[in-house]
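K.L.:
Each chain is listed here by its residues.
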Amino acid sequence: MSITNEDTARSAGRRFGLWGVLFILLGASVLVSLGIGRFAVPISHVAGILISNVLPIEQAWPVVEERVVELIRMPRILMAGLAGAGLAVAGAALQGVFRNPLVGPQIIGVSSGAAFGGAFAILVSESQVLLIGGAFGFGLLAMVVVYTISRQQGRASILMLVLSGIVTSAFFSALVSITKFVADPDDKLPAIVFWLMGSFASASYDKVLLIAIPVVAGTLVVYLMRFQINVLSLGDEEAQTLGLKVERTRWIVLVAVALISAAVVAAAGIVGWVGLVIPHFARMLTGPDHKLLIPASALIGAIYLIHVDNVARASIPAEIPVGIITALLGAPVFAYLLRRAANKGWSSE
Amino acid sequence: MRLPILAAVLGASFCVQGAFADPIEIIDQRDRSVELEGEAQRVVTIPIPAASMFIAVDGGTDRLVGMHQLSKTAIKGHILERFFPDALAIPSNITGKGFSFVPNVEELLALEPDLVFQWGHLNDDIIDPLVNAGLNVALIKIGQEAFTRKWLEMMGAVTGKPEKAQAMIDWRDTVAAEVKAATDGIGTEDRPRTLYFMNYLSSLRVAGGKSYNNFYIDLAGGRNVASDLGMFVEVGVEQIIAWDPEVILLNGFEAKLSPQDVYDNPLLADVSAVKNRRVYKMPLGGYRWDPPNQESPLTWLWLSMVLHPDKFDWDLNDRINRNYEFIYGQGVTDEDVRNILRFDMNADAAHYDIFADG
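Residue numbers (numbering that gives the first Met the number 0), protein chains in the order written: chain F, 0 to 348; chain P, 0 to 357.
Okay, chain F solo, but in the shape it has when bound (with noise of 0.2 Å):
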């Protein structure tokens, strides 16, 4: 049929187009965010400090300006994507997997519990493997017991499964409390409220690639599992089904989630409202089609807390936690996406 292959063309179309203006904005902002700063650094020099890295061209710049375009704003750029991507994809994919379009990371339980296991690792050690380690950790661990609790009869239903995850992320957070007054003030406890509060401040190329290997390999499992992902967002018993294994499918789904939290909580803190959030804006960018929804929430994701982070750390002299202008932003436009969402008739179990 002629008007099938027309659609299809022209869809096909659109969507190269909508990649084409993502990589371009993701790309554009990175460059842009590498010429904005407390430090005045005059774009001409940015463009030849990048350039340098494979072109030897004359150094027109002093040394310094080289070392906070690449050492201090680029690392710190890195991560913000990094995190801004993954938080994004990691949301996505828990509201497909869970049917439910307040699900995030940290409603889930997976935050509070990443938290508590960083915040111990900093008791014990000093090891950032052992702190991402333990994160990762208690992360899953935390998503184990949400699950366990929310079970019944075989099956865990929406609601409980939500309630679950504020007990747990309640108990983990009284956890966290523990850890803080057992450590000693002088250096351990501003330590963890320092990594509690989330921040790039202290972005460096090691975090980068601690958070990198964590963020890429989850968030390939999300996409590698993207069909059956669509297929849980019909519904548990339609998906039964279609001769899809429910709950294997939801585990491989949440351990990817767990990974993917944990390094992002691990560099950064807590970080809220950009798993909740952005994935809303690429649904209505790509339709529910996790094929197109995980890669475009992952762009958006990027792009969105690039740009956070820019205010974060260039509007004033003064960081500004990260966290703070992610809930000040992400709370209304939440609020307004569901207002919309609701008309449209999102299932809510």
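Don't take every hint at face value.
List time: in silico DSS-like cross-link candidates among lysine-lysine, alpha-carbon distance up to 27 Å [to be verified]:
{"hint": "1", "chain 1": "P", "residue 1": "LYS255", "chain 2": "F", "residue 2": "LYS179"}
{"hint": "2", "chain 1": "F", "residue 1": "LYS179", "chain 2": "P", "residue 2": "LYS310"}
{"hint": "3", "chain 1": "F", "residue 1": "LYS179", "chain 2": "P", "residue 2": "LYS75"}
{"hint": "4", "chain 1": "P", "residue 1": "LYS274", "chain 2": "F", "residue 2": "LYS179"}
Pair by pair, the computed Cβ-Cβ distance ranges are [as the list claims (entries may be wrong)]:
{"hint": "5", "chain 1": "F", "residue 1": "LEU328", "chain 2": "P", "residue 2": "GLU188", "range": "16 to 24 Å"}
{"hint": "6", "chain 1": "P", "residue 1": "ASN275", "chain 2": "F", "residue 2": "ALA59", "range": "55 to 63 Å"}
{"hint": "7", "chain 1": "F", "residue 1": "LEU158", "chain 2": "P", "residue 2": "ILE26", "range": "57 to 65 Å"}
{"hint": "8", "chain 1": "P", "residue 1": "GLU106", "chain 2": "F", "residue 2": "ASP183", "range": "58 to 66 Å"}
{"hint": "9", "chain 1": "P", "residue 1": "LEU121", "chain 2": "F", "residue 2": "ASP205", "range": "31 to 39 Å"}
{"hint": "10", "chain 1": "F", "residue 1": "VAL143", "chain 2": "P", "residue 2": "GLU106", "range": "49 to 57 Å"}
{"hint": "11", "chain 1": "F", "residue 1": "SER203", "chain 2": "P", "residue 2": "GLY330", "range": "42 to 50 Å"}
{"hint": "12", "chain 1": "P", "residue 1": "ASP227", "chain 2": "F", "residue 2": "LEU208", "range": "49 to 57 Å"}
{"hint": "13", "chain 1": "F", "residue 1": "ASP183", "chain 2": "P", "residue 2": "GLY186", "range": "40 to 48 Å"}
{"hint": "14", "chain 1": "F", "residue 1": "SER43", "chain 2": "P", "residue 2": "PRO265", "range": "22 to 30 Å"}
{"hint": "15", "chain 1": "P", "residue 1": "ASP263", "chain 2": "F", "residue 2": "ILE165", "range": "54 to 62 Å"}
So these bits of chain P aren't anywhere near chain F, every CB distance computed over 10 Å [said to hold, decoys possible]:
{"hint": "16", "residue": "ILE23"}
{"hint": "17", "residue": "GLU36"}
{"hint": "18", "residue": "GLU80"}
{"hint": "19", "residue": "GLY97"}
{"hint": "20", "residue": "LEU121"}
{"hint": "21", "residue": "LEU134"}
{"hint": "22", "residue": "PHE146"}
{"hint": "23", "residue": "ARG190"}
{"hint": "24", "residue": "ALA241"}
{"hint": "25", "residue": "PHE325"}
{"hint": "26", "residue": "ASN338"}
It should be emphasised that the hints constitute simulated quantities derived from the structure, not laboratory data.
Don't be surprised by glycine CBs; every beta carbon is placed ideally from N, CA and C.
Starting from the known structure of chain F, arrange chain P on it as the hints suggest.
P.N.:
Same frame as chain F, but now just chain P:
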């Protein structure tokens, strides 16, 4: 301004000569009236610098029955431990950990204090529980030198030692005037750009224009690069590079923090203070020299020499020795002075040898 102080001092000194139990009234820094039946006998200090200041004014530890845990860490292992070994036995578990000023009211009541010093510039949640428990609370504020003089005045009045307190205030006036006269003529361009790190190890928090640190950086002939900010504010590395401070001062609260930590930070390698090795750990004598304390005039003299090693040459060893005799009734050795000035961390810093010769 001078007259009421004088009157209060005279009045209080008559009390000492007269009956022991004559009531004492002081007005605290929130303009509250605080009444005591007689001289305070059991005092608790919650603001961190207030403990050692109280010991200094009173000349002993007998009447101090509780202090902040961070007050204790400035005594333990430092010179005040030798001057007043009994200070280590004073309870210091009445507040939460770190920079928490939330008191455990029952723990406090168990100490049966007749007067509690508490911060007045933070929120009322740290004050109301004390007042509601029927405790006698005197509120003090931080940020300006004038506030600190008032602390001394109040402590002198409640201990019945207004002369000592007044002498300590006079010393502050004399040295402040002396340093001011010396630095007043220094133009803005000749004042080194100076930055004080309130935190460095966990986050970068610097002292802004409303801090006490801003006051003495200015007095000692420096220029606080963060003076546009409030009291203590968190900033990014890039902002520090943009300010390019010529002198960096490190707080005494982060016990393990040393200039080497700053020299070793590759991100700060281009900052003038790092290139010229002008990063200094703040000294710690009878208390940390960075916040307002009973030894502040020594801080001002020390800092003016750190900022202008070519201009000033006060005999700091002699000043420390003489004033420790006056404040604590005990002298110090050259070795003590080296410890106080943190030669363990500062010895390799630029120009620090000006403090080395006796």
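K.L.:
For every hint, state whether the structure bears it out.
P.N.:
Comparing the hints with the structure gives:
{"no.": "1", "hint": "P:LYS255 with F:LYS179", "in the structure": "holds (20 Å)"}
{"no.": "2", "hint": "F:LYS179 with P:LYS310", "in the structure": "violated (47 Å)"}
{"no.": "3", "hint": "F:LYS179 with P:LYS75", "in the structure": "holds (24 Å)"}
{"no.": "4", "hint": "P:LYS274 with F:LYS179", "in the structure": "violated (37 Å)"}
{"no.": "5", "hint": "F:LEU328 with P:GLU188: 16 to 24 Å", "in the structure": "violated (43 Å)"}
{"no.": "6", "hint": "P:ASN275 with F:ALA59: 55 to 63 Å", "in the structure": "violated (26 Å)"}
{"no.": "7", "hint": "F:LEU158 with P:ILE26: 57 to 65 Å", "in the structure": "holds (60 Å)"}
{"no.": "8", "hint": "P:GLU106 with F:ASP183: 58 to 66 Å", "in the structure": "violated (20 Å)"}
{"no.": "9", "hint": "P:LEU121 with F:ASP205: 31 to 39 Å", "in the structure": "holds (38 Å)"}
{"no.": "10", "hint": "F:VAL143 with P:GLU106: 49 to 57 Å", "in the structure": "violated (40 Å)"}
{"no.": "11", "hint": "F:SER203 with P:GLY330: 42 to 50 Å", "in the structure": "holds (49 Å)"}
{"no.": "12", "hint": "P:ASP227 with F:LEU208: 49 to 57 Å", "in the structure": "violated (36 Å)"}
{"no.": "13", "hint": "F:ASP183 with P:GLY186: 40 to 48 Å", "in the structure": "holds (45 Å)"}
{"no.": "14", "hint": "F:SER43 with P:PRO265: 22 to 30 Å", "in the structure": "holds (25 Å)"}
{"no.": "15", "hint": "P:ASP263 with F:ILE165: 54 to 62 Å", "in the structure": "violated (44 Å)"}
{"no.": "16", "hint": "ILE23", "in the structure": "holds (35 Å)"}
{"no.": "17", "hint": "GLU36", "in the structure": "holds (36 Å)"}
{"no.": "18", "hint": "GLU80", "in the structure": "holds (17 Å)"}
{"no.": "19", "hint": "GLY97", "in the structure": "violated (4 Å)"}
{"no.": "20", "hint": "LEU121", "in the structure": "holds (17 Å)"}
{"no.": "21", "hint": "LEU134", "in the structure": "holds (24 Å)"}
{"no.": "22", "hint": "PHE146", "in the structure": "holds (24 Å)"}
{"no.": "23", "hint": "ARG190", "in the structure": "holds (19 Å)"}
{"no.": "24", "hint": "ALA241", "in the structure": "violated (4 Å)"}
{"no.": "25", "hint": "PHE325", "in the structure": "holds (32 Å)"}
{"no.": "26", "hint": "ASN338", "in the structure": "holds (19 Å)"}
Checked against the numbered hints listed earlier, the structure breaks hints 2, 4, 5, 6, 8, 10, 12, 15, 19 and 24; every other hint is satisfied.
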